[in-house]
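Novice: In order, the protein sequences belong to chains R and H. Heads up: the first sequence at position 193 corresponds to 193 in the UniProt record's numbering, and the numbers run straight through without jumps. Heads up: the second sequence at position 2 corresponds to 2 in the UniProt record's numbering, and the numbers run straight through without jumps.
Note that these hints are calculated values from the structure, not bench results. Please note that a few of the clues may not be correct.
[Stated by the list, open to error] Here are some chain R residues the structure puts well away from chain H; computed CB gaps all over 10 Å:
(1) Glu-50
(2) Gly-119
(3) Gly-131
(4) Phe-140
(5) Ser-180
(6) Ser-187
(7) Glu-192
(8) Phe-194
(9) Asp-264
(10) Leu-285
[Stated by the list, open to error] Using C-beta positions, here's what the derived DEER-type ranges look like:
(11) R:Glu-122 to H:Lys-286: 45 to 55 Å
(12) H:Leu-44 to R:Ser-318: 51 to 61 Å
(13) H:Arg-48 to R:Lys-32: 23 to 33 Å
C-beta atoms are modelled at their ideal positions from N, C-alpha and C, and glycine is treated no differently.
So the chains spell out like this:
2 protein chains.
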Amino acid sequence: MNKYADDAPQSADKCIGACGEGWLCEVSEMWKGQAMSLKIDEELFRGRSEFQDVYVFKNSAYGNVLVLDGVIQATERDEFAYQEMITHLPLCALNEEPKRVLVVGGGDGGVLREVTRHGSIERIEIAEIDGMVVEMSKKFLPSMAVGFDDARVEVNICDGIKYVGDAEEGTYDAIIVDSSDPIGPASVLFEEAFFKKMHRALKPGGVVCTQAECVWLHIDLIEDLAKMCKGIFVGGSMAYGYTTIPTYPSGQIGFMMCSKPAADGSTVDFTKAKRFPRPADESALKPMRYYNPQVHAAAFVLPEFARAALEPHLVPGSE
Amino acid sequence: MNKYADDAPQSADKCIGACGEGWLCEVSEMWKGQAMSLKIDEELFRGRSEFQDVYVFKNSAYGNVLVLDGVIQATERDEFAYQEMITHLPLCALNEEPKRVLVVGGGDGGVLREVTRHGSIERIEIAEIDGMVVEMSKKFLPSMAVGFDDARVEVNICDGIKYVGDAEEGTYDAIIVDSSDPIGPASVLFEEAFFKKMHRALKPGGVVCTQAECVWLHIDLIEDLAKMCKGIFVGGSMAYGYTTIPTYPSGQIGFMMCSKPAADGSTVDFTKAKRFPRPADESALKPMRYYNPQVHAAAFVLPEFARAALEPHLVPGSE
Numbered sequence: 001m002n003k004y005a006d007d008a009p010q011s012a013d014k015c016i017g018a019c020g021e022g023w024l025c026e027v028s029e030m031w032k033g034q035a036m037s038l039k040i041d042e043e044l045f046r047g048r049s050e051f052q053d054v055y056v057f058k059n060s061a062y063g064n065v066l067v068l069d070g071v072i073q074a075t076e077r078d079e080f081a082y083q084e085m086i087t088h089l090p091l092c093a094l095n096e097e098p099k100r101v102l103v104v105g106g107g108d109g110g111v112l113r114e115v116t117r118h119g120s121i122e123r124i125e126i127a128e129i130d131g132m133v134v135e136m137s138k139k140f141l142p143s144m145a146v147g148f149d150d151a152r153v154e155v156n157i158c159d160g161i162k163y164v165g166d167a168e169e170g171t172y173d174a175i176i177v178d179s180s181d182p183i184g185p186a187s188v189l190f191e192e193a194f195f196k197k198m199h200r201a202l203k204p205g206g207v208v209c210t211q212a213e214c215v216w217l218h219i220d221l222i223e224d225l226a227k228m229c230k231g232i233f234v235g236g237s238m239a240y241g242y243t244t245i246p247t248y249p250s251g252q253i254g255f256m257m258c259s260k261p262a263a264d265g266s267t268v269d270f271t272k273a274k275r276f277p278r279p280a281d282e283s284a285l286k287p288m289r290y291y292n293p294q295v296h297a298a299a300f301v302l303p304e305f306a307r308a309a310l311e312p313h314l315v316p317g318s319e
Numbered sequence: 001m002n003k004y005a006d007d008a009p010q011s012a013d014k015c016i017g018a019c020g021e022g023w024l025c026e027v028s029e030m031w032k033g034q035a036m037s038l039k040i041d042e043e044l045f046r047g048r049s050e051f052q053d054v055y056v057f058k059n060s061a062y063g064n065v066l067v068l069d070g071v072i073q074a075t076e077r078d079e080f081a082y083q084e085m086i087t088h089l090p091l092c093a094l095n096e097e098p099k100r101v102l103v104v105g106g107g108d109g110g111v112l113r114e115v116t117r118h119g120s121i122e123r124i125e126i127a128e129i130d131g132m133v134v135e136m137s138k139k140f141l142p143s144m145a146v147g148f149d150d151a152r153v154e155v156n157i158c159d160g161i162k163y164v165g166d167a168e169e170g171t172y173d174a175i176i177v178d179s180s181d182p183i184g185p186a187s188v189l190f191e192e193a194f195f196k197k198m199h200r201a202l203k204p205g206g207v208v209c210t211q212a213e214c215v216w217l218h219i220d221l222i223e224d225l226a227k228m229c230k231g232i233f234v235g236g237s238m239a240y241g242y243t244t245i246p247t248y249p250s251g252q253i254g255f256m257m258c259s260k261p262a263a264d265g266s267t268v269d270f271t272k273a274k275r276f277p278r279p280a281d282e283s284a285l286k287p288m289r290y291y292n293p294q295v296h297a298a299a300f301v302l303p304e305f306a307r308a309a310l311e312p313h314l315v316p317g318s319e
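Model the full assembly from the supplied sequences, consistent with the hints where possible.
Specialist: As structure tokens, then:
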């Protein structure tokens, strides 16, 4: 299914200076012929973890920027768009208030920060494979790493697929997969075996939300992902939403959401916001800057070419 | 108001090769620290008109690309998003069916193509300052230049501001301003004098829709533009909508829309699609690929940070 699975991940070396000296130019086999370029005002870290190439630099417009295998993962200026949307689209759509949530990937802590905005949640687990990402985020992306400070968060530096597979059946209200692209360590997070494990680990009525690329670049990959999910989330609902975000390829990124039917057979209508994120302590976090209930509904309205391609594979919710 | 008005426009020379050999890297004072890069697979034209630097090249992913003063204006692959949205958001929102429309700028013909989809329209004028843009588009962007072929279209190679100023009061149902950025020849298209002339040239109940940059990059400029428009379109309505488009800076671009009150005092609710574009001859054009009635409504839903900044300056319609 994943045509990039066998491609070799690249290092930042290929991207630094590719756009003239002092620029990071995000060239990749995944978006041939185009590249987002960001000026490197100061190099903050350059290294290699057990899993991937890790690079952090400062840009005058976007603040600190985290780059894994030569691909921009997060910038201080626009990360909120991604973190708020991948988190609140599923958590605000659940029919029941969420109590237990798992984040796979997301080692920068940004998704955790958003999950903690839900006062109903009692336990938040994260399974991130690469400890260096957590370490770098705590050092250079403190506004995201703040997510690790919440007392409900349990950090597991481990293989997320194994973690999900080891969970008891029916454990989670929501699983959020904050993965990098399907080249390198994250390629397995786009495979059927992983989605089957997530389906098993969800409570009835629970939902999965996974990073699912961009309709302008990867409509075929998204279509294939939707077909695969449909075969697993039988009797459930499925939706595709997106957010704009300047530093992701083509300026936006989408999310595939699937729900497992509840005991009474009802499923989640992802397009409807049923609650607003209310932290137990309202003063703990800065207000959200992207998400609101109107943005929630609009996120599922796709350009005509993408609607025509994806709608046949999606399944509306039934409450 | 326009902080870029005094900046010198740049040529493609500054951008070609700035990202390593064989790439166009869209560096600009208007989006410091970031740049969209497109690989140049073949140079098709490089020249200078009386008004600006004109460059056309071929990219394997985006097809032929038109660049003015070093800034990407249109690519064959994603232009439809911009052309459909800048055209149908205003034309489908009008309370009365449009009959007479003026396009200012838009020399590539893409907006004309979309305007011709409205069978009710009897007369379409275009005022484009630069004949070389029209010429290059007919040569290298035929799927856009097809807009010039419609018998209702009258082409005027002239100063759009003068053209609007010379029009009789109350002439147009809609004026669409398809301008480049507010550096160089288009900077005057963001000024008060031009908006006052457009207001005068509109019929009661008529609307203006102008290219109005990106909320991620230029929220201050958009706020200033909104304040200015509010002082001119007294008693009318005002809205800001946007489209995603990979090859514009930060992956999206917005439109400022203003309406003049009708004789009975009613104004246009831009957020509601009141008709679907129906060409007199359905076979003349390929189907639309971005616009549909749901996309119309969703285009006005802004990320929370942009809503908070702009909503106080906008005016809902009253029918």
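Novice: Hint by hint, which ones does this structure get wrong, listed from lowest number up?
Specialist: When the structure is compared with the hints, none of them turns out to be violated.
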